[in-house]
Amino acid sequence: MSLKIENLHANIGDREILKGLNLEMPKGEVHAIMGKNGSGKSTLAKVMAGHPDYEVSAGQVLLDGLNLFEMEEPDQRARTGLFVAFQYPMEVPGVTIANFIRAALQARLPEGEELDAVDYYHHLYEKMDLLKIDRKFTSRAVNEGFSGGEKKRCEILQMAMLNPVYAVLDETDSGLDIDALRIVSEGVNAMRSPERGLLVITHYQRLLDYIVPDVVHVMVDGRIVMSGDKTLAHKLEAEGYDWVEKELLQKA
Amino acid sequence: METKPDLNIDRSVGDFHYDVDYEFDAGIGLSEKTIDYICDVKKDPDWIREFRKEALRKFNSMPMPTNWASHDLDNIVFENIRYYLSQGTQPKRSWDDVPEDVKRTFERLGIPEQERKFLAGVEAQFDSEAAYSNIKAAVGEQGVIFVGSTEGLHKHPEIFKKWFGKVIPTGDNKFSALNSAVFSGGSFIYIPPGVKVKHPLQAYFRINAENFGQFERTLIIADEGSEVMYMEGCTAPKFETSTLHSAVVELVALKGAKIQYITVQNWSANVFNLVTKRGLAHEEAEIKWIDCNIGSRLTMKYPGVIMKGRKARGEVISIALAGDGQHQDTGAKMVHAADETTSNIVSKSISLGSGRSTYRGLVQIGRHLKGCKNNTECDALLINTESRTDTYPAITVRGKENACQHEASVSKISAEQIFYMQQRGISKAAAMSLAVNGFVNDLVQQFPMEYSVELKRLIDLEMEGSVG
Chain D
-2 MSLKIENLHA NIGDREILKG LNLEMPKGEV HAIMGKNGSG KSTLAKVMAG
48 HPDYEVSAGQ VLLDGLNLFE MEEPDQRART GLFVAFQYPM EVPGVTIANF
98 IRAALQARLP EGEELDAVDY YHHLYEKMDL LKIDRKFTSR AVNEGFSGGE
148 KKRCEILQMA MLNPVYAVLD ETDSGLDIDA LRIVSEGVNA MRSPERGLLV
198 ITHYQRLLDY IVPDVVHVMV DGRIVMSGDK TLAHKLEAEG YDWVEKELLQ
248 KA
Chain Z
6 METKPDLNID RSVGDFHYDV DYEFDAGIGL SEKTIDYICD VKKDPDWIRE
56 FRKEALRKFN SMPMPTNWAS HDLDNIVFEN IRYYLSQGTQ PKRSWDDVPE
106 DVKRTFERLG IPEQERKFLA GVEAQFDSEA AYSNIKAAVG EQGVIFVGST
156 EGLHKHPEIF KKWFGKVIPT GDNKFSALNS AVFSGGSFIY IPPGVKVKHP
206 LQAYFRINAE NFGQFERTLI IADEGSEVMY MEGCTAPKFE TSTLHSAVVE
256 LVALKGAKIQ YITVQNWSAN VFNLVTKRGL AHEEAEIKWI DCNIGSRLTM
306 KYPGVIMKGR KARGEVISIA LAGDGQHQDT GAKMVHAADE TTSNIVSKSI
356 SLGSGRSTYR GLVQIGRHLK GCKNNTECDA LLINTESRTD TYPAITVRGK
406 ENACQHEASV SKISAEQIFY MQQRGISKAA AMSLAVNGFV NDLVQQFPME
456 YSVELKRLID LEMEGSVG
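One line per chain: the protein sequences are D and Z, in this order.
Following the working numbering, the numbering of the first sequence begins with -2 at its first residue and continues without gaps.
Following the working numbering, the numbering of the second sequence begins with 6 at its first residue and continues without gaps.
Simulated from the structure, these hints should not be mistaken for laboratory data.
Keep in mind that the hints are not guaranteed to be accurate.
Once the Cα atoms are required to be at most 25 Å apart in a straight line, the calculated DSS-like pairs of lysine-lysine come out as [stated by the list, open to error]:
(1) Z:LYS48 <-> Z:LYS166
(2) Z:LYS58 <-> Z:LYS167
(3) Z:LYS141 <-> Z:LYS108
(4) Z:LYS461 <-> D:LYS133
(5) D:LYS248 <-> D:LYS232
(6) Z:LYS201 <-> Z:LYS166
(7) D:LYS33 <-> D:LYS232
(8) D:LYS148 <-> Z:LYS417
(9) D:LYS148 <-> Z:LYS433
Small disclaimer: the values here were computed from a predicted structure and weren't measured.
Make the full structure from the sequences, and use the hints.
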């Protein structure tokens, strides 16, 4: 059982951004993808989720053997078990967090079945407490007027409530101060499970001190070019991405 | 779990009709003969017969308002319409006495159930006449009158005659003239001084016949210091040919009285819905219109308040949803005619597919007045590139000591927002519904619970249809 990305090519307009990306993450593990700005990290998250702006020209993504690209709509992929915590989460004016998450959970129930409201709130408050989110937030509109840190916590809250099989966390550390980073990381660590795989996309090694990965992948120009254990992240932090490019040249 | 109230006025539920043997049918077309027929059936007094004929002359002499409104009005063929259809003019007081085919209609729409649950009184109009009208005993004992307009005219002429046609003159517009000529049905309500009616009174308007025009006439008088909430729901089945609904609603709030008038209408896409609604607010009185317009081919409706007495208040809260091929031309009129009067207009429109929403607002504050305030907000939400929205505010504020504020916004549900919601597992239709409900959420919270649930359901249905 794994999240398996095979020879993935994707473009936006005429520009190819993913150029034959391969990666396999077994269920139960945490992998990190590191890379410079513009290497295609966020594109990978959006392409997997089914963002309408991107076109997949080759390759496939298998979620425990199920081909994501055979599912046309992003909501089908989500209900199969894929979650993406976005770098820039959208505002949804007028829709409260409580109603939004409730609608998302309701969408996973068979037709005619209703979510139990008491259980739901009990569960929601439990997760909010864990992420130190004030309960007043339940009645605030999704991401509307939120600070950067509040948005990221709200993404992790949604992940905790929706209980995905595989989650991609895109630059979850950006915009967080050190306290918020710790709280968010604790929330993510609480989600680690043999039944789940977490793919953490980040620019900085800092996050990986809190969410310690089993495997680190380095992304350059739309491909995974190097993989290793957590020490790879430290090496990158110390020597910079230029080091990777030099290594690649030497190999070539 | 609380029980979920359900007013059942969505079109899928309302899209049925029964063949009914009408006892009275004024036939097709409109002439003095039609009016004589209606007067004879309804046993109208002479002054009403004269009032109707005068109105017909005005109607015939007035042009269609196509110089400023939609040319789609030209597609109404007045000579093809049936102006009066009924099975009798006496509404029944008990469901058991309502004719079987009419009863089946209202039972299918859930009306008797609603009455038991939360209403102080109900009137159910089937085509031209009220088929059923009932008020809870406790409310009746307080002296509240809630009957059909025909019965009001016959049994309470002293109150009826004093206010009838006084808030909206016959010649106000072509369609108020038409209504004045052929009106039938609608409610007559009188609330005695100081009486606060706790539960809403409700009327339900049902068109069952094809090529038919429904012209109800509602008159509500809230005497000094009284309070009342009135709600109306409307449906019609889908027919191939157009149907006309042209009501006139007059409200009178005497000193310190409060009237809240709530409409949730969901006409099918062949209905021309051309309604004139206005209230007269005396000193310290308050009139609030809450108006939800979903469905119809063309709706033109601008509820208004004339603030005649010092410190009177007027409010219009409106939500319009223009689906594919529909045009919602709605707005509000606020006429400040005394010092320290305040008015508030909040209008939200949603345009879907090729649907079009238009907001027209009129605010007048006279030169000699002091301390008047108006606030107008109109927000439009567009859900794809074909749809269109226009705003035509007309604000006339004279005099230096008055304040007026107008805000307008147009927003879109972006593909990014829909994608974000879909990534959470929510289907495209449900995502659009959520976004639309979010857009109107602050207004819906002001509605009675039963109607906010109903409105949410109607929006869900509309969105499902639009995604296909």
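Discussion item. Flag every earlier hint the structure violates by its number, smallest first.
Written reply: none
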